[in-house]
Amino acid sequence: EIHVKEPIEKEVNPRLLPGELLLCEASTVYKYMQEDGSNRGTYGKLVCTNFKISFLDDDSASDDNEPQFKNKIVGENDITLQCVDQIYGVYDEKKKLLTGQLRKYPEKLIIYCKDLRVFNFCLRYTKEEEVKRIVSGIVHHSQTPKLLKRLFLFSYASAAPNNTDGRNQTVMFETLEDWLDELERTKGNVKYKAVTTNEGYRVSEKLPLYFVVPMCISEESILKYEGRGIPIWCWSCHNGAALLKMSAFPKEQDDSTSQMQRAFLDGICKTISKPPYELLKLDDLSSSLPSLQDIQTAYTRFKQLFLIDNSTDFWATDVKWFSLLESTNWLEIIRRVLKKAIEVAECLEIQHTNVLLIEESATDLCCVISSLVQVMMDSYSRTKSGFQSLIQKEWVIGGHGFLDRCNHLHKSEKEEAPVFLLLLNCVWQLVQQYPPAFEFTETYLTVLSDSLYVPIFSTFFFNSQHQRDTNKSGESLKTQSGPFRFLTVWDWSVQFDPKAQAFLNNPLYAEKPKPDKSQRKTARFKHQRQLSLPLTQAKPSLKRGFFREETDHLIKNILGKRIGKFINSSDEPPNSLREFYDSWHSKPVDYHGLLLPRIDGSEIKVWAQRYLRWIPEAQLHGGGTIATAAKILDLMEEVQSLQVKMDEEHSQAVSGGVHSVPMLRNSARLSSLFPFALLQRQSVKPALPTSTWKDLEDEDDLVKRDDEFVDLSGDML
1 EIHVKEPIEK
11 EVNPRLLPGE
21 LLLCEASTVY
31 KYMQEDGSNR
41 GTYGKLVCTN
51 FKISFLDDDS
61 ASDDNEPQFK
71 NKIVGENDIT
81 LQCVDQIYGV
91 YDEKKKLLTG
101 QLRKYPEKLI
111 IYCKDLRVFN
121 FCLRYTKEEE
131 VKRIVSGIVH
141 HSQTPKLLKR
151 LFLFSYASAA
161 PNNTDGRNQT
171 VMFETLEDWL
181 DELERTKGNV
191 KYKAVTTNEG
201 YRVSEKLPLY
211 FVVPMCISEE
221 SILKYEGRGI
231 PIWCWSCHNG
241 AALLKMSAFP
251 KEQDDSTSQM
261 QRAFLDGICK
271 TISKPPYELL
281 KLDDLSSSLP
291 SLQDIQTAYT
301 RFKQLFLIDN
311 STDFWATDVK
321 WFSLLESTNW
331 LEIIRRVLKK
341 AIEVAECLEI
351 QHTNVLLIEE
361 SATDLCCVIS
371 SLVQVMMDSY
381 SRTKSGFQSL
391 IQKEWVIGGH
401 GFLDRCNHLH
411 KSEKEEAPVF
421 LLLLNCVWQL
431 VQQYPPAFEF
441 TETYLTVLSD
451 SLYVPIFSTF
461 FFNSQHQRDT
471 NKSGESLKTQ
481 SGPFRFLTVW
491 DWSVQFDPKA
501 QAFLNNPLYA
511 EKPKPDKSQR
521 KTARFKHQRQ
531 LSLPLTQAKP
541 SLKRGFFREE
551 TDHLIKNILG
561 KRIGKFINSS
571 DEPPNSLREF
581 YDSWHSKPVD
591 YHGLLLPRID
601 GSEIKVWAQR
611 YLRWIPEAQL
621 HGGGTIATAA
631 KILDLMEEVQ
641 SLQVKMDEEH
651 SQAVSGGVHS
661 VPMLRNSARL
671 SSLFPFALLQ
681 RQSVKPALPT
691 STWKDLEDED
701 DLVKRDDEFV
711 DLSGDML
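Heads up, the sequence shown is in the UniProt record's numbering, so the first residue is 1 and it goes up one at a time.
None of the hints are false.
Here are the simulated DSSO-like pairs of lysine-lysine, each with C-alpha atoms no more than 27 Å apart in a straight line:
id, residue 1, residue 2
1, 340, 187
2, 339, 303
3, 193, 270
4, 95, 31
5, 281, 270
6, 224, 191
7, 95, 303
8, 146, 472
9, 95, 127
10, 31, 104
11, 340, 414
Hints were generated in silico from the structure; no laboratory data involved.
Work the whole structure out from these sequences, hints included.
Structural data, given as structure tokens:
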């Protein structure tokens, strides 16, 4: 039974950002707690602005008990309009998808978010006029097609002061100098050159202003087909082999045009296969990897497993967890992408062969594979600034269509595909397999995925550099003089204060050894590897393909027929690749050298922190990797305090280079999904499948024996 509380005496108003306008609001809205099947919750005000949907209750007005990890832009009860996935209304206990004009208004509103949060609002006690305004306002502003200039990005850029700290070390690749520096860093400047042919976008609006091509490619060749058929440089290996990408010619052409294009392509390939260039291997990603439609379908099924309305739904799906997970095909797509990256790495590292990735636009799967290969082969890309520079180079400047692929404007669902999320999922596999190799944490990857939907940064809200540049001018806004000054997502101080930013840095990162101390540092690496990866094999394992024979039976039983087909099919890697993979895994890991992901059936995991963080039943309190991290951070804090005392004794100033360590008090009570799930209480329902619990409900003596409580939630993890 729901008891209506007295109206809130204190008026709670939303905190508005510069350029943010309140569009509609409704009072006496009841927000259900998602943790159990009861009707418990809290009353407050539901508001919609041109930036977000926000629920304001008594706690919204106070700054007490703020979490350690707080986002300054998007609060716990805020949903940016771009983060709204689907909105359902409940009519007489039946859910109905809400779109367009509404004839009848629901008594309950359910909002599913792209970051997998689920909000349940009861409107039964709200005035009818307010219900009409808030529901129609939320549906209209979050679901209907928009013009690009109507994005909050432009309102914020025109109103916000430009006071970002200039300490961002990310290379933006917006100038010719940035490309020249990258060529020099990778020693690619002997065979490749940065070109200015596209200045003024005279070659193509899809290409960046500046890019790198082989020395032998002429300006006429680049201009001939608007940049199509031209190998564009991504990265050079230490042995001189390079990773290249190419925009393919359209398949549907008349014979004469097709022959001319084929002859042009043959000429280009022959030119860059001759000395001083290495042999060239072509890889058409459209035929060797899943299509964008397959990726979108798999992710749509996958995310449904985590958009949980209540505990009952959770336990109903928990019983069939493995079969549901396997049927989505999402983990299999991650495995195939990682396997492709291993193939490319083997060509570059062992065969000393240039690899040319080919795709229709070279801005989707090319971005995924080229980024993954660089993360695996270049330790600079595993630092925070290096990884951010990589995203700038391959994705933002490289022309990935964030606007279309994320469907920020709600123009066409046909173009939508979680390509960037696929990359982050693949990188996460490497981060959790080799923690000391990365300067950033999984929390960093999680907040980066969340930032896709925060429209105050320009990073993920344009399809190309050309689109960003042409929309920079602010002549349409009277208040704006001169071009917009967009923020970049890489300035983390906009979203997090220094204490919260500490969670993005890996305290166990094995920094690159200095040459004069190499011997001592190498010994430390071995020790850290044993500490962080106790289960890593030290000797060669007997394997068939990528899979240990002794685990075949288990994998087939758990993950089903698709994996079984993969093990025994012609898709098994060729001998040279298998030898490369097995040989690498038989040796100790060099955290600053090549990294190869383990892609056995049981090694590809669900990114628990991102996908399970809003589900209380899936949390292990006082457990998980955070329990280990908390102990290590306590030790690091003690070491730092001793260092400070030593410095003070020697009358030296404390070095500014020492990283601050986040304070983790009450570490025994922390959730395994910290810092997103903090000290939340456990679900009031026992952690057993619903059907099992119903069978045990009559056993009073079992219920009373708390000390014999059984937790099976580990299955989901």
